[in-house]
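Asks: Line by line, the protein sequences give chains A and B.
Here my numbering is used: the first residue of the first sequence is 1, the next is one more, and so on.
Here my numbering is used: the first residue of the second sequence is 1, the next is one more, and so on.
Keep in mind the hints are simulated off the structure, nothing from the lab.
Warning: the hint list may mix true and false statements.
[To be verified] Ranges of calculated distance between the beta carbons of each label pair, as one might list FRET restraints: (1) A:Gly387 to B:Arg22: 33 to 41 angstroms; (2) B:Leu29 to A:Gln349: 40 to 48 angstroms; (3) B:Arg22 to A:Gly246: 46 to 54 angstroms; (4) B:Phe24 to A:Leu410: 55 to 63 angstroms; (5) B:Ala21 to A:Ala332: 51 to 59 angstroms; (6) B:Phe5 to A:Gly387: 49 to 57 angstroms; (7) B:Ala36 to A:Ser354: 38 to 46 angstroms; (8) A:Gln349 to B:Thr18: 24 to 32 angstroms; (9) B:Leu19 to A:Phe423: 37 to 45 angstroms; (10) A:Ala413 to B:Pro84: 48 to 56 angstroms; (11) B:Phe5 to A:His341: 14 to 22 angstroms.
Here the structure is a predicted model, which means the values were calculated and not measured.
C-beta: ideal position from N, C-alpha, C; glycine also.
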Amino acid sequence: MLIVAVAAAITLPAAASAAIFWQEPTYDAIETTTFPPTFGQTFGDFGGDDVTLGSVAVRIAQTEACPSGQTAVFNAGLDEVSSYDDTGGNWTSTQAFAYDPSGDLDPEIIETYGFVPLSQNYAIGVTSYQLFPYPSYLLDHTKKYRLWFDTQCWINEEPTQNFGADLIMGYASDGVLGKRQHAGIEQWVNYPTGTFSVILDSAGGMHETPIIESPPDGAKITELPVVFTGTCDATLPWVNIEIREGGTLEMLKTIYCTDIGTFDTSDDGAQLWNGTGFSATAASFNNEGTIRVIGDPVGFYVDVLGNPNVRPTMPPVPPEDCANADTITEQATCWITQRLHEMMIALFQPPAGSMDRFRNLWEAVKNKPPVGYVVVTANTINTLTIGTPSVQLQGIAALSNFFDPMKTLLTTALWLFALVWLFNRAREIEV
Amino acid sequence: MITNFLINVLYDVAFLFTLPARLFENVTLPATMTSAISSAAPALGTINAVVPVTTVLAIVALFVVVEFAILTWKGVNWIIRKIPGVN
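Start from the sequences, fold in the hints, and give me the full structure.
Replies: Structure, rendered in structure tokens:
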């Protein structure tokens, strides 16, 4: 059965006063290509210094049980990425090291697959924190790295399938926990550069990540629930949903359809800032590498009052180096141009978010009298719909051949009269 | 700097102008009015069999918007004429 429809919608926490609108989505299978074996983003760029990798704080909760008799294994590792194509998702890498935090693998398997068992047995299936004490590992600031996770069910020394789990990673840079749901397929946890959870100790040596308490669910006001629903495809049971802005990946959600039914991502969320250029795409795929993009990207915008998520700003363009000018005249012209440029920016460029105060003021006033009477009345009238008739006029249904053309004629006449009235009213306006 | 100053002045004026209104409680419509509107839905459904209700409502909305815009325009002009030296 083909994926026949994916209805997309965003909902907001009840406390948020906001409006998010989706363009009406239309989905059809339009493309078939090869799905890359893994995907995500790299991290790197340590400010020009080589640093030593320390530890990673991870909280994991198993959300999907393995079949009877099979062992749940949670693996993690670090790869050094040789090349990566952000647009195509193609990359090559060399494994630096890998772990079997569950401690349930046989030594032979560990050796075969290169896993390094931890001395501490990690009881998967419960929600708790786990520190991965990576050995001191020198990170080259000129290279890219990827931390990966994999949740697999094993039997007879072979993995059989992935199981679902929730992963929560600590963001060492700001001490805030970020959540990425691991839906049961080998995938890269997606981190933007600079907010990675590892402790990078420039002094070298081990450095333990502090245990960071997860904020209570009610405090996650920055996370907008993103809801996608649709019907699963038997041959392509995985569904990838991406939210991008300007080509930059903001959210990646992978869903596995456990049976032929509908999928629902209502438990997931995305930290999106206010903006008009968001688009969401969906694609289904299978483990054999077949992927089917579902329809065109769905465009939408986010308009959340007091949205604490701030759009990442591009670094300022460095000014032209006037020292490279050939003559003194050119240097002087360059210098004056730069100063004028800076002066115009200082004079006329308003600070970011300066207009948000007006929206906050409107929110505070719109329900107060006298404006509130208009707003509330208009909102109430907007809820007025043409309901199901409580009284059926006898004979109407039988005479629909007569009434339907009459309604069309009446509609045309009413609009004609309205236009004539509008024209005459406009002529009477005294400026 | 200049743009920011103008924005701040506009905001301060709007803040002061709306200060009395913000002291009041939120407006709530009488329950009879909301129930009247909700109970109008099935009645509209009955009438819609004969009369194009959607068109009628759209034209009424057009009428209200145009008249309100004209009234606002006249109000703004009236305020401007109160400025000394402006006729």
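Asks: Look at each hint and say if it fits the structure.
Replies: We went through each hint and held it up to the structure:
For the pair Gly387 of chain A and Arg22 of chain B, the beta carbons lie near 37 angstroms from each other, so the given range of 33 to 41 angstroms is met. At about 43 angstroms, the CB distance of Leu29 of chain B to Gln349 of chain A agrees with the hint of 40 to 48 angstroms. Distance hint check for Arg22 of chain B and Gly246 of chain A: the Cβ-Cβ separation is about 38 angstroms, which falls outside the suggested range of 46 to 54 angstroms. Distance hint check for Phe24 of chain B and Leu410 of chain A: the Cβ-Cβ separation is about 44 angstroms, which falls outside the suggested range of 55 to 63 angstroms.
The hint said 51 to 59 angstroms for the Cβ distance between Ala21 of chain B and Ala332 of chain A, and at roughly 56 angstroms that hint holds. One distance hint, 49 to 57 angstroms for the beta-carbon pair Phe5 of chain B and Gly387 of chain A, holds here, with the actual separation near 53 angstroms. At roughly 43 angstroms, the beta-carbon separation of Ala36 of chain B and Ser354 of chain A lies within the given 38 to 46 angstroms, and the hint holds. Look at Gln349 of chain A against Thr18 of chain B: about 27 angstroms separates their beta carbons, and that is inside 24 to 32 angstroms.
For Leu19 of chain B paired with Phe423 of chain A, a C-beta distance near 42 angstroms keeps the hint of 37 to 45 angstroms intact. Against the hinted window of 48 to 56 angstroms, the Cβ-Cβ separation of Ala413 of chain A and Pro84 of chain B comes to about 51 angstroms, which satisfies the hint. For the pair Phe5 of chain B and His341 of chain A, the beta carbons lie near 20 angstroms from each other, so the given range of 14 to 22 angstroms is met.
Hint check: violations occur at hints 3 and 4; the rest are consistent with the structure.
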